[in-house]
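Build out the structure end to end from the sequences listed, making use of the hints.
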Amino acid sequence: MLSSSSTFSLSKLVPLEAVLFDVDGTLCDSDPLHYYAFREMLQEINFNDGVPITEEFFVKNIAGKHNEDIALLLFPDDLQRGLKFMDDKEAMFRRLASEQLKPVNGIYKLKKWVEDHGLKRAAVTNAPRANAELMISLLGLSDFFDAVILGDDCERAKPHPEPYLKALEALNVSKDHTFVCEDSVSGIKAGVAAGMPVIGLTTRNPEHLLMEAKAYTYYKGL
Numbered sequence: 001m002l003s004s005s006s007t008f009s010l011s012k013l014v015p016l017e018a019v020l021f022d023v024d025g026t027l028c029d030s031d032p033l034h035y036y037a038f039r040e041m042l043q044e045i046n047f048n049d050g051v052p053i054t055e056e057f058f059v060k061n062i063a064g065k066h067n068e069d070i071a072l073l074l075f076p077d078d079l080q081r082g083l084k085f086m087d088d089k090e091a092m093f094r095r096l097a098s099e100q101l102k103p104v105n106g107i108y109k110l111k112k113w114v115e116d117h118g119l120k121r122a123a124v125t126n127a128p129r130a131n132a133e134l135m136i137s138l139l140g141l142s143d144f145f146d147a148v149i150l151g152d153d154c155e156r157a158k159p160h161p162e163p164y165l166k167a168l169e170a171l172n173v174s175k176d177h178t179f180v181c182e183d184s185v186s187g188i189k190a191g192v193a194a195g196m197p198v199i200g201l202t203t204r205n206p207e208h209l210l211m212e213a214k215a216y217t218y219y220k221g222l
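175 is the number that the UniProt record's numbering gives to position 175 of the sequence shown; each next residue is one higher, with no gaps.
For the record, the hints were derived by calculation from the structure and aren't laboratory data.
The beta carbon of each residue, even a glycine, is placed where N, CA and C say it ideally should be.
Everything hinted at is true.
Label pairs and their computed distance ranges (CB to CB):
no.	residue 1	residue 2	range
1	N48	E115	43 to 49 Å
2	P32	S11	32 to 38 Å
3	H117	N46	51 to 57 Å
4	K112	N48	43 to 49 Å
Cut-off 25 Å, straight-line C-alpha distance, at most; resulting in silico cross-link-like pairs (SDA-like, lysine to any residue):
no.	residue 1	residue 2
5	K112	S137
6	K111	F145
7	K214	I107
8	K214	D29
Quick look at the structure:
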């Protein structure tokens, strides 16, 4: 089921009750589409004097973060302009995703494992609702999740633990019997702060960043 760099033991979580999943980069390899949309649209408005942002800049400053936080980073003096930019960027992402979105390796094997073990499951994401619903639908997972928790539905999005705490509440499960699957530093920090072990996926982010964020372990695929 999982191709591992180290051994992840579920024994401390017995009886296992639930699995919580991030969406972008965890269920699907969406970061290349996000990066392309950001790079092209920022270059169009002459951000960074028209020099395209690097993938390193994207990973460090954008990936996994909530849109309002990204808007503040990119447009610190004009939040409304930043929010409008983010809306336009997300529309471009959805157009790209509709044609190019791909699942991460092993997601359907893990889906079957979760179902076979009768575990509850929730998607927990900083993505806007339209993005989250589109990605989950394109992946054929609309009927898989018992709950979908959005950063927009919380007072504070990831890396704050609130989205994961809301997921535990929605599923009526204990943090002591639940684990999280994440691919971003922001998401790992949120899961850890919520008191759960987090499996870090190296979909696009390097192992050392995931471990620095206190991932329990990391995997190259599900």
